[in-house]
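What follows is each chain in one-letter form.
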Amino acid sequence: MNEVRDIVVPGEVLGDAKEKRIGYGTFVEDGKIISKFLGIKKDSNEYLSVVPLSGVYIPRMEDRIIGFITDVEKAGWLVDINSPWQAFLPLSEGVDEFIDFKRTDISKFYDAGDVIYAQVADTKRGDVQLTMRTPIARKLKGGITIKITPSKVPRLIGKEGSMINTVKEKTGTIIRVGQNGVVWISGEKVEKAIKAIKMIDEKAHIIGLTDEITKLLSD
Amino acid sequence: MQIGYMYRLLENEERIDGRKMDEFREIKVETNLIENAEGSARVKLGKTDVIVGVKLGIGTPFSDMPNMGVLKTGAEFTPIADPDFESGPPGENATELARIVDRGIRESDGIDLEKLCLKEKEKVWEVFIDVHIINNDGNLIDAAALAAVAALKTANIPKLEDDKIIRDKVEKKLPVLHEPITVTIGKIAGKFIFDPNKEEEEVLDAKLIVAVMEDGKVCAMQKSGVHGLTEEDVEKMIDLAIKKSKGLRKLL
Amino acid sequence: MGMKTDEKLIVNGKRLDERKPNELREIEMKVGVIPNANGSAQVKFGKTVAIAGVYGPRTLFPKHRQKADTAIIRCRYNMAPFSVDDRASPGPSRRSTEISKVTRLSLEPALFLEDYPETVVDVYIEILQADGSTRVTGINAASLALADAGVPMRDLVVAVSGGKIDDTIILDLCGKEDNYSEADMPIAFMPRKKIITLFQMDGQLTPKEIKIIIKEQLKAGEKIYEKQKEVLNKKYGK
Chain A
190 MNEVRDIVVP
200 GEVLGDAKEK
210 RIGYGTFVED
220 GKIISKFLGI
230 KKDSNEYLSV
240 VPLSGVYIPR
250 MEDRIIGFIT
260 DVEKAGWLVD
270 INSPWQAFLP
280 LSEGVDEFID
290 FKRTDISKFY
300 DAGDVIYAQV
310 ADTKRGDVQL
320 TMRTPIARKL
330 KGGITIKITP
340 SKVPRLIGKE
350 GSMINTVKEK
360 TGTIIRVGQN
370 GVVWISGEKV
380 EKAIKAIKMI
390 DEKAHIIGLT
400 DEITKLLSD
Chain B
15 MQIGYMYRLL
25 ENEERIDGRK
35 MDEFREIKVE
45 TNLIENAEGS
55 ARVKLGKTDV
65 IVGVKLGIGT
75 PFSDMPNMGV
85 LKTGAEFTPI
95 ADPDFESGPP
105 GENATELARI
115 VDRGIRESDG
125 IDLEKLCLKE
135 KEKVWEVFID
145 VHIINNDGNL
155 IDAAALAAVA
165 ALKTANIPKL
175 EDDKIIRDKV
185 EKKLPVLHEP
195 ITVTIGKIAG
205 KFIFDPNKEE
215 EEVLDAKLIV
225 AVMEDGKVCA
235 MQKSGVHGLT
245 EEDVEKMIDL
255 AIKKSKGLRK
265 LL
Chain C
88 MGMKTDEKLI
98 VNGKRLDERK
108 PNELREIEMK
118 VGVIPNANGS
128 AQVKFGKTVA
138 IAGVYGPRTL
148 FPKHRQKADT
158 AIIRCRYNMA
168 PFSVDDRASP
178 GPSRRSTEIS
188 KVTRLSLEPA
198 LFLEDYPETV
208 VDVYIEILQA
218 DGSTRVTGIN
228 AASLALADAG
238 VPMRDLVVAV
248 SGGKIDDTII
258 LDLCGKEDNY
268 SEADMPIAFM
278 PRKKIITLFQ
288 MDGQLTPKEI
298 KIIIKEQLKA
308 GEKIYEKQKE
318 VLNKKYGK
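Chains as they are written, first to last, in my numbering: chain A, 190 to 408; chain B, 15 to 266; chain C, 88 to 325.
No lab work stands behind these hints, which were simulated from the structure alone.
Since the model is a prediction, treat every value here as computed from it, not as a measurement.
Among these hints, one or two may not hold up.
[Stated by the list, open to error] The list that follows gives simulated cross-link-like pairs (lysine-lysine, DSS-like), each with its CA atoms no further than 27 Å apart: (1) Lys321(C) with Lys61(B); (2) Lys187(B) with Lys134(C); (3) Lys348(A) with Lys263(A); (4) Lys34(B) with Lys384(A); (5) Lys86(B) with Lys187(B); (6) Lys42(B) with Lys134(C); (7) Lys107(C) with Lys95(C).
[Said to hold, decoys possible] Chain C residues, not near chain B, derived (Cβ > 10 Å throughout): (8) Ile97; (9) Ile114; (10) Met116; (11) Thr157; (12) Ala167; (13) Ser170; (14) Leu215.
Glycine included, each C-beta is placed from N, C-alpha and C at the ideal position.
All chains should be built: construct the whole structure from the sequences, respecting the hints.
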């Protein structure tokens with residue numbers, strides 16, 4: 190059996206609140222630090238946290254995400270960011286020039302169905318605002334998108350991009366990974382890249398995944 | 015954008031999971047899994063997962079068929095199976111599926127309904143076929159129809175003692191005369207495709223659903239989908255369905 | 088409950104299926120059985136089979152139902168028509184509507200719904216085969232499905248039925264025992280602090296008997312918790 194990292198279940202006691210501080214995915218009760226999720230326990234010197242192995246995307250400020258324009262409104266666009274909450278891209282954050290929206294059909298900038306690489310600018314209870322006013326932001330043309338579990342995105346990217354770069358090189362593709370779990374792929378061996386990405390999504394918790402992926406891509 | 019990509023692949027006769035256009039996903043058939051039921055089967059077609067239960071009860075015959083048992087088929091697209099399925103009474107897709115599965119069995123004289131008569135004009139066995147979707151990844155009709163026939167084939171009639179049904183005692187097997195196999199063929203970008211998964215179903219131009227009997231006769235058909243089919247299309251699709259049904263029949 | 092029989096349900100300290108009074112049936116658990124759902128599980132207690140699927144947290148429509156500071160949880164308990172002896176008409180019944188409600192309330196205290204304002208967590212339970220104690224089997228499955236879905240929880244939820252037949256206190260009633268029992272008392276609780284989230288009873292019991300049954304149920308619940316933990320760990324290969 191593959192070696193796995195330390196898996197914990199919701200409600201499992203991880204440690205003492207007097208000795209460690211609570212990190213993501215944990216809560217305190219009666220002086221004990223407890224896991225909120227089915228996930229991997231992470232024990233740094235100061236913090237105890239849990240990385241969930243599943244779950245929906247919760248938008249955070251400055252997250253880089255891939256979204257789908259769903260509606261063109263008067264002064265902006267509604268965007269599906271693969272999250273229980275819808276996002277809004279205001280006109281002023283989507284376009285550089287000054288636009289008189291009363292006289293302009295802004296769908297010429299982004300239209301329903303377009304895919305964008307954008308950044309989360311603000312999150313206030315339910316309201317998520319995006320911005321394209323950042324150098325990485327752009328419309329993604331062509332290609333195909335797939336979804337993975339948002340909490341597995343760091344594993345897909347790898348240390349300093351090592352994992353995702355391996356996939357890109359061995360399949361001759363351009364890949365953009367959104368922190369919201371949406372991945373955009375374009376290029377030669379798209380199906381091979383998809384296979385590798387899906388394997389990483391499934392086996393993110395297994396030690397030795399890097400070798401398995403290298404093997405898959407070499408075939 | 016996804017739709018565009020899928021369409022381009024299919025134009026080149028490539029499918030997103032690498033299958034050939036006429037290839038079915040892996041099929042698993044399990045029978046007798048629901049002990050409470052008189053017959054049952056679970057069919058997994060790729061990730062599509064369907065359970066059919068066959069239950070028998072005592073009822074009254076239809077007035078125009080006083081010496082024949084009654085067959086009733088129902089389907090539930092329970093919300094557990096798909097984020098887009100809603101709670102509530104069966105919608106048009108669930109109703110259509112139930113009626114197509116029913117038609118295949120009824121028109122092929124699949125069950126010997128005369129043998130289900132207990133007292134002419136008064137008492138007959140009622141056979142309830144209930145389709146329960148567990149996971150929807152497309153091609154529910156083929157999966158449900160296969161499960162229905164597999165369930166009927168292994169179903170039993172319970173013992174009757176003084177008008178009371180003793181369900182843990184078996185009287186005899188349910189009299190099954192024919193085993194219709196239902197095959198759905200889709201048309202997309204001028205090509206024909208078998209066993210579309212959920213994403214492929216959304217881009218099909220049209221489909222023809224054909225129920226085939228053991229001797230190659232067709233006993234039920236249904237055209238579905240927004241676009242039309244030419245006469246040539248229909249003839250070709252029927253031929254292809256009959257050929258494909260032979261392979262599926264081996265699973266029963 | 089309430090049916091009468093001359094048949095003895097306990098003979099020489101053994102039940103109809105040879106179990107001891109406080110013995111549970113064979114339990115089988117699996118997670119990830121419904122690919123479309125965010126989380127899912129199948130649980131069997133003997134011949135009773137329940138499947139649970141969780142969708143969410145997801146957007147809640149219509150908008151006016153949304154709550155500004157929390158997610159809401161919806162629950163639907165449903166029996167497949169072929170799950171019972173006499174085929175059941177599909178669709179909700181008064182019984183399944185009540186069970187849907189108490190199931191929802193058995194799970195709600197365990198969830199950190201406040202982490203997902205304006206959204207909904209939908210829990211669907213399908214009973215594929217009924218041989219007594221279906222609601223608690225459904226709750227065990229739902230707890231696994233919620234954990235599988237990555238919904239944050241204070242604790243898992245375990246559930247087990249209890250009751251009395253032939254003047255003997257028993258746990259995990261099968262169908263026949265359920266029909267002829269003198270009392271039927273299902274319970275659900277969060278094991279770490281033994282906080283009870285579902286508690287119902289019908290029949291006739293003395294307060295002393297009730298206390299004894301609760302103690303037995305809390306003990307049995309620990310075994311169910313270990314099984315839940317095991318199957319969740321197994322999903323990830325541990």
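Structure-based check of all given hints:
no., hint, in the structure
1, Lys321(C) with Lys61(B), "holds (21 Å)"
2, Lys187(B) with Lys134(C), "holds (23 Å)"
3, Lys348(A) with Lys263(A), "violated (42 Å)"
4, Lys34(B) with Lys384(A), "holds (18 Å)"
5, Lys86(B) with Lys187(B), "holds (18 Å)"
6, Lys42(B) with Lys134(C), "holds (22 Å)"
7, Lys107(C) with Lys95(C), "holds (15 Å)"
8, Ile97, "holds (21 Å)"
9, Ile114, "holds (17 Å)"
10, Met116, "holds (17 Å)"
11, Thr157, "holds (21 Å)"
12, Ala167, "violated (5 Å)"
13, Ser170, "violated (6 Å)"
14, Leu215, "violated (6 Å)"
The structure fails to meet hints 3, 12, 13, 14 from the earlier list, while all remaining hints are met.
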